[in-house]
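Number of protein chains: 2
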Amino acid sequence: MRKPYTLFVPGPVEIPPRAIKELSKPLLYHREEKFSRLLSETINYLRLLFFTRGKVFILTASGTGAMEACVQNLVSRYDRTLVISYGVFGERWKELLWRYGAYVDEVAYPYGKSPPLAEIERKIRTNDEIKFIFTTLTETSTGMVANIKGIGEIAKREGKILVVDAICGLGADEFYMDKWNVDVVCGASQKALASPPGISFLAINEKAWEAVEKAKSPRFYFDLRNYERFLTNYQTPYTPAILTLYAFHYSLKRVLSQGVKKLWREHKERASLFRAQLGDVEYLPDSPSNALTVIKMPEGKESTKIIKEIKERYKILLSDGQKTLKGKIIRVGHMGNLKKAQLLKVAAILKRYL
Amino acid sequence: MRKPYTLFVPGPVEIPPRAIKELSKPLLYHREEKFSRLLSETINYLRLLFFTRGKVFILTASGTGAMEACVQNLVSRYDRTLVISYGVFGERWKELLWRYGAYVDEVAYPYGKSPPLAEIERKIRTNDEIKFIFTTLTETSTGMVANIKGIGEIAKREGKILVVDAICGLGADEFYMDKWNVDVVCGASQKALASPPGISFLAINEKAWEAVEKAKSPRFYFDLRNYERFLTNYQTPYTPAILTLYAFHYSLKRVLSQGVKKLWREHKERASLFRAQLGDVEYLPDSPSNALTVIKMPEGKESTKIIKEIKERYKILLSDGQKTLKGKIIRVGHMGNLKKAQLLKVAAILKRYL
Numbered sequence: 594m595r596k597p598y599t600l601f602v603p604g605p606v607e608i609p610p611r612a613i614k615e616l617s618k619p620l621l622y623h624r625e626e627k628f629s630r631l632l633s634e635t636i637n638y639l640r641l642l643f644f645t646r647g648k649v650f651i652l653t654a655s656g657t658g659a660m661e662a663c664v665q666n667l668v669s670r671y672d673r674t675l676v677i678s679y680g681v682f683g684e685r686w687k688e689l690l691w692r693y694g695a696y697v698d699e700v701a702y703p704y705g706k707s708p709p710l711a712e713i714e715r716k717i718r719t720n721d722e723i724k725f726i727f728t729t730l731t732e733t734s735t736g737m738v739a740n741i742k743g744i745g746e747i748a749k750r751e752g753k754i755l756v757v758d759a760i761c762g763l764g765a766d767e768f769y770m771d772k773w774n775v776d777v778v779c780g781a782s783q784k785a786l787a788s789p790p791g792i793s794f795l796a797i798n799e800k801a802w803e804a805v806e807k808a809k810s811p812r813f814y815f816d817l818r819n820y821e822r823f824l825t826n827y828q829t830p831y832t833p834a835i836l837t838l839y840a841f842h843y844s845l846k847r848v849l850s851q852g853v854k855k856l857w858r859e860h861k862e863r864a865s866l867f868r869a870q871l872g873d874v875e876y877l878p879d880s881p882s883n884a885l886t887v888i889k890m891p892e893g894k895e896s897t898k899i900i901k902e903i904k905e906r907y908k909i910l911l912s913d914g915q916k917t918l919k920g921k922i923i924r925v926g927h928m929g930n931l932k933k934a935q936l937l938k939v940a941a942i943l944k945r946y947l
Numbered sequence: 594m595r596k597p598y599t600l601f602v603p604g605p606v607e608i609p610p611r612a613i614k615e616l617s618k619p620l621l622y623h624r625e626e627k628f629s630r631l632l633s634e635t636i637n638y639l640r641l642l643f644f645t646r647g648k649v650f651i652l653t654a655s656g657t658g659a660m661e662a663c664v665q666n667l668v669s670r671y672d673r674t675l676v677i678s679y680g681v682f683g684e685r686w687k688e689l690l691w692r693y694g695a696y697v698d699e700v701a702y703p704y705g706k707s708p709p710l711a712e713i714e715r716k717i718r719t720n721d722e723i724k725f726i727f728t729t730l731t732e733t734s735t736g737m738v739a740n741i742k743g744i745g746e747i748a749k750r751e752g753k754i755l756v757v758d759a760i761c762g763l764g765a766d767e768f769y770m771d772k773w774n775v776d777v778v779c780g781a782s783q784k785a786l787a788s789p790p791g792i793s794f795l796a797i798n799e800k801a802w803e804a805v806e807k808a809k810s811p812r813f814y815f816d817l818r819n820y821e822r823f824l825t826n827y828q829t830p831y832t833p834a835i836l837t838l839y840a841f842h843y844s845l846k847r848v849l850s851q852g853v854k855k856l857w858r859e860h861k862e863r864a865s866l867f868r869a870q871l872g873d874v875e876y877l878p879d880s881p882s883n884a885l886t887v888i889k890m891p892e893g894k895e896s897t898k899i900i901k902e903i904k905e906r907y908k909i910l911l912s913d914g915q916k917t918l919k920g921k922i923i924r925v926g927h928m929g930n931l932k933k934a935q936l937l938k939v940a941a942i943l944k945r946y947l
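Protein chains in written order, with the working numbering: chain W, 594 to 947; chain Z, 594 to 947.
Hints were generated in silico from the structure; no laboratory data involved.
Please note: incorrect hints may appear among the correct ones.
Since copy identity is lost for identical chains, a pair holds within one copy or between any two.
[What the hints assert, rightly or not] No more than 27 Å apart at the CA atoms, straight line, and that leaves these computed lysine-lysine pairs for BS3-like:
id	residue 1	residue 2
1	938	618
2	614	908
3	921	627
4	901	627
5	627	898
6	627	614
7	724	807
8	908	596
9	627	596
Whenever a hint applies, use it, and build me the whole structure from the sequences.
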């Protein structure tokens with residue numbers, strides 16, 4: 594297959610050739626020691642990536658699977674929850690919680706806008722039955738990064754369990770699980786970690802683990818209590834995506850050898866470089882992520898058409914808006930195996946269309 | 594990584610080098626036409642593999658994920674179900690159904706023994722509230738293949754929905770979904786289809802789809818109604834395991850170009866050859882599968898020790914028994930990229946230890 598386009602979407606991303614090579618290693622049996630070593634190393638890398646001492650679990654599933662795992666393992670029917678949402682993926686928390694019969698209160702902000710902490714605090718204080726807060730580190734649909742540190746301080750002060758979807762931003766935007774008082778966090782392989790899609794993961798601290806033991810929602814494939822039992826031998830309860838895990842292990846090792854903070858810096862530099870080159874355009878988010886740039890279309894321009902033209906003419910794939918934002922924004926991912934020169938080229942091309 | 598051993602376990606299996614090569618193809622974006630074509634072809638191949646005109650769904654999950662998808666999408670709390678079980682994976686259906694609050698009646702037979710159809714029929718007739726029957730085509734824990742055709746006739750006659758876990762046997766043991774009156778069936782990538790683990794799939798007919806629309810169990814990541822909506826454009830609702838899907842697509846294409854029946858014949862030949870070479874040993878199942886051979890240990894021999902020795906001495910990996918069968922049986926898989934000469938060698942080696 595000829596390469597049809599280079600991916601500048603906010604995930605999945607271009608994978609380094611060295612990580613791809615990992616996929617052709619001999620298949621290990623998942624009940625053998627060699628596999629256990631691989632799994633145990635990967636879990637330790639993830640602990641460093643999240644900056645946590647909590648438990649870490651690796652799932653054979655997309656990121657949404659990890660989000661559902663959070664809900665199933667924490668929440669029971671009729672539980673009171675708060676969702677702080679500012680886009681499509683915040684809304685996914687709400688939808689998930691509804692499916693499991695939770696009551697959902699909400700601080701919902703317009704796409705691209707960050708809610709003030711005071712408003713979040715007021716909402717929590719006026720509804721003291723809330724047990725869990727669900728929110729998003731980096732909203733892939735708008736390119737906004739949230740003030741998780743601020744939300745974590747409130748959650749801690751008010752004694753709530755804070756659950757963060759870090760699927761998009763992890764590795765690109767600053768994130769400290771323990772220091773920022775985040776109790777549960779989930780991520781996926783195909784974003785800033787530049788691995789093939791198919792694996793997601795989550796971390797959970799002692800305080801939230803108590804809720805896992807008590808939660809009454811039906812769960813099996815994502816039942817963390819079962820994963821916990823198998824982890825005593827560094828195994829997974831079911832056949833994992835073994836080859837994908839090789840590439841993921843490799844990518845994490847590469848990142849961790851230089852430190853997570855270097856990865857954050859790299860993404861920050863990419864974002865600055867790209868935006869400087871792009872010049873005078875209007876951005877959607879008030880607090881932009883380093884993982885992606887989201888550009889508002891000028892009056893009379895339609896993003897869907899522009900994206901199609903750029904794909905056909907330059908073999909560069911950008912992302913359209915989702916749902917109500919379709920045609921109105923262009924989303925450009927800065928994650929994965931991309932060179933600065935490529936980013937500058939994309940900015941230069943885009944400029945001509947805006 | 595040096596190859597630590599060749600896999601003769603009943604999945605995951607050795608993958609053909611050509612399928613591994615597929616994993617290094619450029620990553621397609623899952624919202625693009627080229628990916629849709631890949632997905633649509635894969636679904637059509639699966640339809641041929643299952644011998645069905647039903648709907649087919651591909652999941653990024655292990656086989657157990659597909660089993661849970663069957664339960665979530667069909668069964669509501671307090672539903673009456675029947676599990677026909679003869680091993681660890683039959684018991685998994687029971688466990689899953691309990692988690693979702695279903696009532697489970699059971700025809701449970703000792704490991705390796707096939708229940709007579711008359712007993713299954715009697716059980717169904719004496720409990721006419723049963724709506725769903727759950728069973729297993731090939732029980733990986735015992736090497737037994739079930740009489741699904743016979744069970745299907747009863748299910749049809751009695752107006753029940755029949756759900757079959759074909760994760761292990763599919764492609765190795767005969768199976769006709771529509772002709773045998775199976776309403777729902779699930780499978781996985783890493784068995785007779787010789788693909789990397791990480792993908793599972795299921796097929797469902799019109800009659801069972803009515804139950805999907807009515808079922809009240811909480812579900813999101815595996816919600817088939819959502820997959821159905823996205824399939825109108827041949828997309829998946831969440832980022833799929835794109836690279837793994839390339840290898841899976843390749844393997845299915847290869848199988849289908851020669852016909853499923855040829856694959857069954859190949860596995861039957863492998864099983865006969867292996868068992869002929871093995872000579873006079875005692876087998877666990879009364880109705881052995883073509884996917885694997887399960888040997889009972891003679892008096893005074895312990896399988897765990899023998900498996901360890903064969904692994905260390907010959908770099909050949911065999912499977913021990915699970916749960917109560919640990920130490921008492923050896924399970925040898927015949928699936929995947931294995932040559933006849935290799936199978937004969939394994940049989941010759943095993944003979945010396947028995």
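Hint-by-hint comparison with the structure:
Proximity of residue 938 and residue 618 under a CA criterion of 27 Å is satisfied inter-copy only: 24 Å between copies versus 35 Å inside one chain copy. Taking identical chains as interchangeable, the C-alpha atoms of residue 614 and residue 908 lie at most 27 Å apart whether they share a chain (24 Å) or sit on different chains (23 Å). With identical chains, the CA atoms of residue 921 and residue 627 are at most 27 Å apart between copies only, with a shortest distance of 24 Å across copies and 50 Å within one. Taking the shortest alpha-carbon separations for residue 901 and residue 627, only the inter-copy value of 14 Å comes in at or below 27 Å, while the best intra-copy value is 46 Å.
For the identical chains of this complex, residue 627 and residue 898 are inter-copy neighbours only, at 18 Å across copies versus 50 Å inside a copy, given an alpha-carbon limit of 27 Å. In this assembly of identical chains, residue 627 and residue 614 lie within 27 Å of each other by CA distance both inside one copy and across copies; the values are 19 Å within and 23 Å between. When the C-alpha separation of residue 724 and residue 807 is checked against a cutoff of 27 Å, the pair qualifies only within one copy, where the shortest distance is 13 Å, while the shortest distance between copies is 31 Å. Taking the closest pair of Cα atoms, residue 908 and residue 596 come within 27 Å of each other only inside a single copy of the chain (9 Å); across copies the shortest separation is 38 Å, beyond that limit.
Taking the shortest alpha-carbon separations for residue 627 and residue 596, only the inter-copy value of 11 Å comes in at or below 27 Å, while the best intra-copy value is 34 Å.
When each numbered hint is compared with the structure, no violation occurs for any of them.
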